[in-house]
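Could you build the full structure based on these sequences and the hints that come with them?
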Amino acid sequence: MMEFIRKNKLLTFALGFVAIQVLLAIFAPVVALHDPYAQVMVERMKGPNLTNWLGTDQLGRDVLARILFGYQVSLMTCVTAVGLALVAGGTLGMLAAFYGGWLDRVLMRVMDVLFAFPIMLLAIGVIAVLGPNVWSAAIAIAIVYTPIFARLLRGPALVICESEYVMGARAIGASDGRIVFLHLLPNLASVILVQTSLLLSAAILVEASLSFLGLGAQPPVPSLGLMLSEGRNFLLLSPWPAIFAGFAILFLSFGFNLLGDALRDTLDPRLKNAS
Amino acid sequence: MSSRFLVTRLIDLAVVLFGVSIVVFLMIRLIPGDAVAIMLGANTEITPERIAELERRVGLDQPILIQYFNWFTGLFRGDLGTSIWTGRPVAAEIAANIWPTFELTFLSVLVGAGLSIPLGAFMAQARGKGAEVAVRIGAIAGLTIPSFWLGIVSIFLLSKLLPGFSALGYVPFTEDPLGNLQRMILPVIALSLPMLANLSRLVRSAMLDALGQDYIRTAKAKGASKRRLVYRHAMRNALIPFITSVGVATGYLLGGAIVVEQVFAIPGLGRLVLGAIAERNYPLVQATILVMTSAFVIVNFLVDLLYAVIDPRVSRR
Amino acid sequence: MSLKSIGLGLLASTVIAGGAHAATLDIAIDSSPAGLDPHLITAFNSVVIVQGNIYEALTAIDRDLNVVPGLAESWDVSEDGLTYTFHLREGVTFHDGSEMTAEDVAASIRRVQSETVASPLASRVSPITGIEVVDPQTVRFTLDAPFAPILSSLSSIAIVPAEMEEDVDSLQQTPVGTGPFHFEDWQPNGYIALSSFEDYHEDGQPLLEGVRFNFVPESATRQVGVVSGDYGLLPGIDPATALQLQGQPGVTVQETRDLSYTLVGMNVTREPFDDPAVREAFNLALDRQEIIDGALFGAGVPAGPLSPALTSWALDPSEYSCYGADPEAARAMLEEAGVALPVQLTMNVLPRQDARDIAQIVQQQAAEAGFEIELINQEIGQFVQDWRNSNFDLFVSANGGSPDPDEYFYRTFYGGGSTNVFGYADAEIDAWLDEGRSETDQGARKAIYDQVQRKLACEGPIAHVAYGSLFTAVNDAVEGFEIYPNGRLTSLVDVEIAE
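Chains as they are written, first to last, in numbering that gives the first Met the number 0: chain A, 0 to 274; chain B, 0 to 316; chain C, 0 to 498.
Everything labelled a hint here was simulated from the structure, so no lab data went into it. Only true hints are included.
Listed next, the in silico DSS-like pairs over lysine-lysine satisfying Cα-Cα at most 25 Å (straight line):
#	chain 1	residue 1	chain 2	residue 2
1	B	128	A	8
2	A	45	B	159
3	A	6	B	128
Below you can see the structure in the form of structure tokens.
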């Protein structure tokens, strides 16, 4: 354990940084001192003080409580989105690689169509159709990321499928499912792990941008992007909600990105050799 | 490269654009409320007959298949359609908004890709030292800082620090070169920062990879100029992923930077299409998104061709 | 450090470049209009550009909301109130150089009434059944019944050249009017530029060389822009923006009572709002002052059915018994009406910051009386669609007001009225509204509309929330601008920019 920490300082730090934020999100109802929805008009737009550690917003709600619950909303949205994309994109990518031929071409062209759209525009379009709320945002992000996972996993899957031991397994009559679960998935695990972490980091930013444009979580739901979006209308009066929400988004996205980066270093054997 | 490779890629390209045209066409029509409803807004007094007349005028009364057919055949005649209320050719509206997008893309790629090489090299050579960790964390922060937050905060700071410095809007370069560049500074920083962070990490890995190679160690042992060798080898190594990343980033930037354009009041393609979606200007949305995706697909096609030139094995795949 | 010196260098160059455009006023608004035809596009971002600047109408509205002469110098009304004769101002030319005559006026009214043009303004001139050109300077309208608000309605009908009568396209892109500024250039998503009209009928006006309407979607950016002087004027800003800019050096925020108001609409075809007692209870549950303090930053007054800006019509809200801000009494009233509490409802919310904040506060207040409200924040297209199809329990929205009570009341509360999406039908109200529009004696009309206001305030389908203030931020370099309660930039003709 200590050996691992000593060898992987960056990874340990990243893991800890992410874990703290995830725990804060999960235990927000316990940790938060205030109700994130309670409006106290006389106390609104206060800077940080002893009662409201990070101040209050334009309706007198506690910024810290809203940030803690905001972590919950952002994480739930993004984990759902990236999870859906991973399952959908991963399945499509591996199907394409495994069976090849026409299925491969059709699937990958469909993925190309989605991939060709500017990310924000595709998400905006999907949300406009579904109506603006947290779940639409999650589905929109999932649709945007599906082709990324599909393309990402198809390549390595193709290499593994053509490798001698998979050929061998096929020759001795192993079932498709067996090959996928015993050979394909374990070999792709490190790619999946790294990319999931990096895409989670990006998804947090996309969700925040969507909320910024008024298309993500809707009031009175506490969401980091929405806090930033509402707070920016009051920057000259009270910059605190916007500043703290901005940092919260940055920390969350940063944590997952650092984690992905550290994981890549740790899992990629080529980099180990470097002096 | 083989002509078969070229033909296959071109067919793929056409298929993708055809798919995009269908998706765009359907998606925009699935959004609740049409151009007439949006134009009238809530609380407008109007008879249903007049609403029907307005819908007829903007072509919304036709069956959806006919609408698609008319638009699609128009494309082959070089007619992108006309904007729904103003009747202006869509091509003219796109032309009026494309230069800011081109300029932003060009400058951001120039800055982002240009600075990434020295930065990446530095990170690789200083591996494990404090400076490297700092730069690396800085790079990740650059990648994950919300660009709209950065934009708004920097506009506010600038207005405090340099009152009178015009950072908002857009002036054509031909009209006022200095005024143009001065307004580009903040948006280019906001757009190139994530690219710089991304590319420099890529360069770093390639460099580390090169440093780990046996023959570099050998060369080093022989006392050859290490720096030149590492650069040459790493660059050759990093070329393909580097070009891919730059290609994808360029493609996306050509699709407009919605949030940055919004914050800095730049009349680019992103805002054009956002406004068009808001007013349900179907022809304008369809054409603009098709232009954006074409740019993306074509840039990627060129990148593919480049691969084939660099590495002939690709075209035989 | 070096960046800063580059910045200063660039700064010097802007100042020099800026001098040449000193007489052009830069105005920032949030989005570009869908078009410029004054008879077709009636959204704020279009009206603020064309009305009064490019186009003028027969009558005009002054700062106190009185009807004053516009392109018509004077008018005579027949005894029976059915015939209006307008005497036109002489020597008025359109921007294309042609002279403005009675033919153009007649054609403009016909254009608005025409089914093929399908103007949303048609209802404002629907009482006009006869249009007669007496001579080039005189035009006569005949009404089917006396219609007191006609003079105020005519102030919103732009006069366009007669040859545009059948043309539904040209004016959308290239407007031609008689106003002090003529259309110059439209950069999509960039700006619309107007320049001064040399042959404007008022000598010595306008003082500016031109006006530029810049489209700046981000509110924070507009704020910084007006402080830095990039923009001279921000019309129609919200209270939060106004409050922030009030403290800023170099900017003055002008304020006037707004005609428009925020409201909660109730669907009276659905339970429980089909019962007038429930509507009254809902009104009783609201603390309007708290909503104003919270969502509008204190910039507003509790609303009755008519804006206090209509000084000759509006009753004081203290006259309404149900404006008690008493959730306990509201709960008791609901229990008496046999409503099982808590009652579950949904509320559609207009996508605007003030409406969202109002919705959040109303949700809290109404909960105390036993209304359990779920907020549905909608995209504008969906909101409009649900509004038109009466698909809502409750909605929060904002409406523009009108100078005459009939314009608002008749279409909104008359059984089957064109914007009566609430399904409200009340025989007594219908009778009063019919009386009110045909009565021409001001005192008698006032008495009728007093009754209407009292009844609608408590048991009408709309809980009127607040009349906000209308704000315009003006950079100190801009001189001579005066805010108008209808939001028009009428005073631009007198504006100058200090060197």
